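Colleague: Protein sequences appear in the order of chains Z and U.
Going by my numbering, the first residue of the first sequence is number 95, and it counts up by one from there.
Going by my numbering, the first residue of the second sequence is number 95, and it counts up by one from there.
In case anyone wonders, no lab produced these hints; they're calculated from the structure.
Since the structure is predicted, the reported quantities are computational estimates derived from the model, not experimental observations.
Just so you know, not all the hints are guaranteed correct.
The list treats identical chains as interchangeable, and a pair is accepted whether it falls inside one copy or across any two copies.
[Said to hold, decoys possible] With a straight-line cut-off of 30 Å between C-alpha atoms, the simulated DSSO-like cross-links for lysine-lysine are:
1) Lys354 <-> Lys246
2) Lys344 <-> Lys246
3) Lys262 <-> Lys344
4) Lys221 <-> Lys297
5) Lys246 <-> Lys327
6) Lys221 <-> Lys358
7) Lys122 <-> Lys297
8) Lys344 <-> Lys182
9) Lys276 <-> Lys246
10) Lys354 <-> Lys147
11) Lys344 <-> Lys100
12) Lys262 <-> Lys237
2 protein chains.
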Amino acid sequence: MRSKPKIILTNDDGIFSPGLRVLYEAVKDLGEIYIVAPSEPKSAVGLGITLHKPIRVNEVTLWGKTRGFAINGTPSDSIHVAREVVVKDSIDLVLSGVNIGDNTSMQTILSSGTLGAASEASLMGIKSIAFSANVQSGEEFYKEEYSSIIKKTIRVIVSYVLEQGFPKGVDVISVNFPDEIKSGAYVVPAARLRWWEKLEERKDPRGVPYYWLYGEPTEPEPDTDVYVVHVLKGIALTPLVLDMSASSGKAYSQLNTIAKIVQKALEESTI
Amino acid sequence: MRSKPKIILTNDDGIFSPGLRVLYEAVKDLGEIYIVAPSEPKSAVGLGITLHKPIRVNEVTLWGKTRGFAINGTPSDSIHVAREVVVKDSIDLVLSGVNIGDNTSMQTILSSGTLGAASEASLMGIKSIAFSANVQSGEEFYKEEYSSIIKKTIRVIVSYVLEQGFPKGVDVISVNFPDEIKSGAYVVPAARLRWWEKLEERKDPRGVPYYWLYGEPTEPEPDTDVYVVHVLKGIALTPLVLDMSASSGKAYSQLNTIAKIVQKALEESTI
């Protein structure tokens with residue numbers, strides 16, 4: 095790692111989120127820091143990128159004195175703007191967050207913009223760490239005691255990675271903080287499901303039904319990120335690999351049977 | 095499997111997409127078919143769901159005679175509307191597509207609405223298959239020769255799964271068709287990256303820069319979905335597991351070292 099590593103900070107709550115400020119304050123002297131983030135909240139956009147309209151990049155002053163680049167795009171767009179417009183040089187690390195709301199479970203990871211930006215960075219060859227906290231609003235980050243623990247944790251993790259290198263075989267580290275830290279730090283895989291989605295039917299004034307979608311939390315499985323953050327109230331460190339292809343031989347042998355039948359059907363057709 | 099399995103069809107190009115019609119025609123007599131899909135195209139939304147506005151469900155007549163349910167939401171919303179409003183009973187299988195455009199590579203899978211709906215279904219306990227085709231527009235599905243191969247392939251795969259059961263340990267099967275079928279069917283993992291994203295700078299009439307994001311295709315890696323669809327022009331069958339947690343012991347041991355340092359830092363703080 096270079097003596098002055100180039101580090102991108104981004105998020106999905108928008109460049110003015112207090113969560114981004116916590117992240118900045120935690121790492122500001124650990125390298126050359128560039129802040130590139132959506133100008134407005136862009137939650138739950140996953141890895142979405144902006145293809146059908148032009149992207150604008152506006153320099154803004156954050157917290158009275160820090161330079162940032164606000165874009166009218168998604169968290170993943172921020173990574174590309176950082177690479178091609180702002181830094182124009184190789185980037186050593188991307189840090190995303192601190193998200194308002196935890197991003198525990200595969201269900202949440204797959205739809206999160208915080209993880210989306212981190213994943214897009216990793217796919218483009220830049221290792222990344224996503225930070226999320228189980229808070230209801232950004233106000234929580236103004237509580238000095240809470241944010242100082244978060245900052246200290248972020249600083250320790252980022253310093254380690256810059257000095258010792260990113261863990262081998264890992265694409266993204268996802269770090270989730272509980273609403274109140276009552277326990278230690280645990281390395282755990284992501285749970286599968288966090289929310290059991292339901293629909294509530296209502297009637298509009300004309301008597302026509304409409305529906306509200308809402309999620310009921312599922313029972314946390316032990317030894318998962320959901321369990322650590324919501325039951326143990328500890329800090330969950332989850333190493334992610336951007337690969338969902340099945341690896342079991344059994345899956346492949348069953349699929350191969352299907353492929354053979356498809357093959358035979360194609361050969362039997364006149365085409 | 096029940097004699098009349100309940101099957102949901104959905105997509106991300108909108109309920110009036112000819113790709114959905116191809117899917118319907120391929121499987122219409124294989125079970126009790128329910129069509130629930132966004133009323134408008136919702137590409138690249140991943141697993142996004144609609145939380146901040148109510149969802150409307152409108153019954154529509156498709157292709158002159160088939161009942162469908164159009165919703166003002168995302169592909170993932172369709173799964174929940176199907177479960178809770180339309181079917182109100184257990185669902186045996188979700189089929190998503192046929193998408194206009196292939197969904198090869200993890201980069202594309204992670205942002206695709208077609209795969210998003212399939213993944214959300216699987217997370218809610220309903221196995222699913224996503225179908226996508228490397229076509230530029232829905233017009234291609236009107237070419238009889240092309241769509242008959244796609245329909246035959248879909249029918250063979252869905253029939254197999256209904257009769258023999260879903261492949262063990264697999265959450266979602268992703269099937270990608272080439273633009274022209276010149277080769278057979280292959281079982282392959284997803285490539286990692288499909289598009290190297292770039293930004294093109296332009297100046298508006300006032301001389302202020304703006305940027306267009308565009309992707310340049312990366313070199314296809316052999317033995318991946320991208321290679322099969324774009325180089326061999328074959329049909330790619332990719333078994334997916336909704337799990338991105340690292341499984342290597344090395345990843346965990348390095349993360350455990352970080353967790354210990356975090357732990358120590360927390361204990362040393364006055365809190």
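Colleague: Confirm or reject each hint.
Modeller: Okay, the hints, checked on the actual structure:
Only between protomers do Lys354 and Lys246 lie at most 30 Å apart by alpha-carbon distance; the minimum there is 14 Å, versus 56 Å within a single protomer. For the homomeric pair Lys344 and Lys246, the shortest alpha-carbon distance between copies (25 Å) is at most 30 Å, but the shortest distance inside one copy (45 Å) is not. Taking the shortest alpha-carbon separations for Lys262 and Lys344, both the intra-copy value of 27 Å and the inter-copy value of 7 Å come in at or below 30 Å. Within a single copy, Lys221 and Lys297 get their C-alpha atoms no closer than 48 Å, and across copies no closer than 32 Å, so neither meets the 30 Å cut-off.
For a Cα distance limit of 30 Å, the shortest separation of Lys246 from Lys327 inside one copy, 17 Å, qualifies, whereas the shortest one across copies, 52 Å, does not. Within a single copy, Lys221 and Lys358 get their C-alpha atoms only as close as 44 Å, which misses the 30 Å cut-off; across copies the closest is 25 Å, which meets it. When the C-alpha separation of Lys122 and Lys297 is checked against a cutoff of 30 Å, the pair qualifies neither within a copy, at 52 Å, nor between copies, at 33 Å. With identical chains, the CA atoms of Lys344 and Lys182 are never at most 30 Å apart, being 46 Å at best within one copy and 33 Å at best between copies.
Only within a single protomer do Lys276 and Lys246 lie at most 30 Å apart by alpha-carbon distance; the minimum there is 15 Å, versus 57 Å between protomers. Within a single copy, Lys354 and Lys147 get their C-alpha atoms no closer than 43 Å, and across copies no closer than 46 Å, so neither meets the 30 Å cut-off. For a Cα distance limit of 30 Å, the shortest separation of Lys344 from Lys100 across copies, 26 Å, qualifies, whereas the shortest one inside one copy, 44 Å, does not. When the C-alpha separation of Lys262 and Lys237 is checked against a cutoff of 30 Å, the pair qualifies neither within a copy, at 35 Å, nor between copies, at 48 Å.
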